[in-house]
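Q: Dock chain B against chain A, hints included.
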Amino acid sequence: MTVSWKTISGNLQGDVSYSLRKSTVTPQYIDFDLIAFSEMWSEFDLAFEYRRDDSETWKTDAYISQTTANYLTKNHLYGLTASKSGESNLIRWEYANSGYLFGQSLQIRVIVLPRIRVFSRANSVHAISEIYGNSKIDFVGQSNHNCIGINQSGQYMCLGGGDFYIIDSLSADELKSSSSSSYEEYYILSGSLIPDVTGNYYEYGVSASGSKSYKLETGDWYLWFADDGMYQAWLIHDEVDVIHPPVAIWYSSGNNPDNPIALPTFTPVSPASGIGTLTLGS
Amino acid sequence: MSNSVIYSYFGVNNPNYAIQIYSGNYIVSDYGNGRIIELDSMLSGIIRSHSVSGVSFFDYSEENETLLVSYEDNDLIQEITWSDIDIGTVIWQSTISLNSPHSATYKQEDSSKIVIADTGNNRISIYDRNNNEYIFISRYNINSGDVYPPQISMLYRPYIARQYSNGNICIVEKEGRPINFSIIESSSSSSSSSMDSSSSSSST
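Protein chains in written order, with the working numbering: chain A, 1 to 282; chain B, 1 to 204.
Chain A with its partners taken away, still in its complex shape:
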C-alpha cells in the first residue's frame, strides 16, 4: 500500500557530539565506549573505519561483533543513542580478524552519517519520520500541530494560520481551536497567553465543565478584531476580575468614532492560582 504524504520540512543531523574511548581490550577485540550528546536527536548513525598508519587508506571492513546500535550493515552502525546528558554506546571491534595483533598501534575514526528528519502531512495529520541508511525510515510520531523543525532545546517549532509557536511535545494541548467564531482574530500585545475564540467564548487551558475560560494577567493588552475590520483594546487592570473596557479604540477603516462596535459581555469567574480567570459571555 502506498501512503500519500507531502513533505513540509526537513532537518539534517548536525548537532551530535561525541567522545570515543576504549574500554576493554583483549587479544581478540577492543570495546569502544562512545558517549553521544545531542539536543535534537535521540538516535544517530555512524561509520567505523580503521587503518594501521597514515600510509594506508581508511578501511571499511571492520568486523564489529557487538554493538548497542539497532542495525549493523558492514561498518555502518544505525540507531546509536544520544541525549542532552549523554548516552553510552558500545562498539566491539574484532581487530584480530583483520590481522592485527595485540599491542599493535592502529588508527580508527568514526564518521556521523546523514540522517534526515522529515516533517510531513498525510490528510489532516502531521507526521514526523527519520530517514537514514539506504532505505530505513523510523516513524517518530504524529501530531495535530504543524511542526516544521526542532529548536536548540529539542522543542518543536510549529506554524498556525496566524501564529508561530514552540511546543515541548507532539501531543501538546491545542493552543487554539477553529470552531466557528463571530470574531476575526485578536492578540494580547504584552501577555504570554494567546487564546482563541470558540463561539462566544475564549478558551485556554483548564476550565470547569461547561465553562470555557482563559487567563489574563495584569498588564496584558487584549486586542479584539471584529468581522467588520474594526478593533478595540482593553488593558487587564488586575489579576482577578476587573477589566476596564475599553481604554482605547481604533478603527481600521472609516475612522468613525460615532459608530463603535458593541462590546462583548465579560463575566468574571474565580481566579486560579492567583491568576485572574474570566469568561466571555455571549
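Because the hints were derived from the structure by calculation, they are not lab data. Incorrect hints may appear among the rest.
[What the hints assert, rightly or not] Cβ-to-Cβ under 7 Å is the rule here; a few derived chain A residues that face chain B:
#1 F102
#2 V112
#3 P114
#4 N151
#5 Q152
#6 Q155
#7 M157
#8 L159
#9 G162
#10 D163
#11 Y165
#12 I166
#13 I167
#14 A172
[Unchecked claim] Result set (BS3-like, lysine-lysine): computed pairs, CA atoms no more than 30 Å apart in a straight line:
#15 A/K136 <-> B/K113
#16 B/K107 <-> A/K84
#17 A/K74 <-> A/K84
#18 B/K174 <-> A/K59
#19 A/K136 <-> B/K107
#20 A/K59 <-> A/K74
#21 B/K107 <-> A/K74
Quick caveat, the model's predicted, so the values are computed rather than measured. Glycine is no exception: its CB is placed at the ideal position from the N, C-alpha and C atoms.
A: Coordinates of chain B only, in the frame set by chain A:
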C-alpha cells in the same frame, strides 16, 4: 515535563517557514503579510523585518549574516543581507532557468556552495560562487559501489537538499512515490554525478 505551548507569537499571517539561528532567535517567513521577520528567542517581539513576498524557504549563513531566500513561485533564489548593519540588500541571485525551486541551502561550513532543490526540473543544482559555475544532478546510485552494474534512480521533485562538508548530499523529495525495483533503469556508463548517502523518500 509540561505538555504545552512554550512560546507563541501571533503577529503573523499564514507563516510558511521558520528556522532558529545560533543566537536563539527565530527567523520566520510571514507569508501572508509579505515579509520575513526575526523574533527573539522567547517570541516576545520582532527584532528585524524585511518586506518580501512569495518566500518558500530560506537558509541562514552565520558566517556572512546572509539569508538565502527561495521564491518557489517566481523560480528564483536570492541571497540577501541579514545583519545589524544591513537588511534585505540582494547580493546574489540565481541566473539559470529554475522550475518551482522550493529550497536553496548553503553547503555545510562552506557558504560559497549553494545547493538548489530545483523541484519542477527534478534535479539538484549546485552553484559554486568561486568559479561561477552550476553543476546539475538528476540521478543517483541506489546501491553501493561494489554492486555492478550500478542501479540508477532519477530524482523526483526534490524538495529540500543539503550538502555536508564532506560533499555528501541529502535530499528530501516532495511527495511519496512507489518504487518498483524491477524496472529501475540501470546504466553501465553513467556520466552524471552520483551521490553517496543520498536518501530518496518513498513510503510503502
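Q: State for each hint whether it applies.
A: Status of the hints after comparison with the structure:
1. Hint status for A/F102: violated, given a least beta-carbon distance of 30 Å to chain B, over 7 Å.
2. Taking 7 Å as the C-beta cut-off, the interface hint given for A/V112 is violated, the closest approach to chain B being about 9 Å.
3. Residue-level restraint check for A/P114 holds (minimum Cβ-Cβ distance to chain B is 5 Å; threshold 7 Å).
4. Using the Cβ-Cβ criterion of 7 Å, the hint placing A/N151 at the interface with chain B is satisfied: the shortest such distance is roughly 5 Å.
5. The interface hint given for A/Q152 is met, as the beta carbon of that residue sits about 6 Å from the closest beta carbon of chain B, less than 7 Å.
6. Taking 7 Å as the C-beta contact cut-off toward chain B, the hint placing A/Q155 at the interface holds, the least distance being around 6 Å.
7. For A/M157, the shortest C-beta to C-beta distance to chain B is roughly 5 Å, which falls under 7 Å, so the interface hint holds.
8. Hint status for A/L159: holds, given a least beta-carbon distance of 5 Å to chain B, under 7 Å.
9. The interface hint given for A/G162 holds, since its Cβ lies 6 Å from the closest Cβ of chain B, which is under the 7 Å cut-off.
10. Interface restraint check: A/D163 against chain B, minimum CB-CB distance 5 Å, threshold 7 Å, status holds.
11. Annotation: A/Y165 was flagged as interfacial toward chain B, and the flag holds, the nearest CB pair being 4 Å apart, inside 7 Å.
12. At a threshold of 7 Å, the smallest CB-CB gap from A/I166 to chain B is about 4 Å, leaving the interface hint in force.
13. For A/I167, the interface hint holds, the least distance from its beta-carbon to any beta-carbon of chain B being 5 Å, beneath 7 Å.
14. Checking A/A172 against chain B by beta carbon gives a least distance of about 5 Å; that is within 7 Å, so the hint holds.
15. In summary, the hint linking A/K136 to B/K113 is supported, as the alpha carbons are separated by about 28 Å, within the 30 Å threshold.
16. Pair hint B/K107 plus A/K84 holds up; C-alpha atoms about 26 Å apart against a cutoff of 30 Å.
17. Pair hint A/K74 plus A/K84 holds up; C-alpha atoms about 28 Å apart against a cutoff of 30 Å.
18. In summary, the hint linking B/K174 to A/K59 is not supported, as the alpha carbons are separated by about 36 Å, beyond the 30 Å threshold.
19. The hinted pair formed by A/K136 and B/K107 meets the criterion: a straight-line CA distance of about 24 Å does not exceed 30 Å.
20. For the given pair, A/K59 sits about 11 Å from A/K74 by alpha-carbon distance, which is consistent with the 30 Å threshold.
21. For the hint pairing B/K107 with A/K74, the CA-to-CA distance comes to about 28 Å; that is within 30 Å, so the pair holds.
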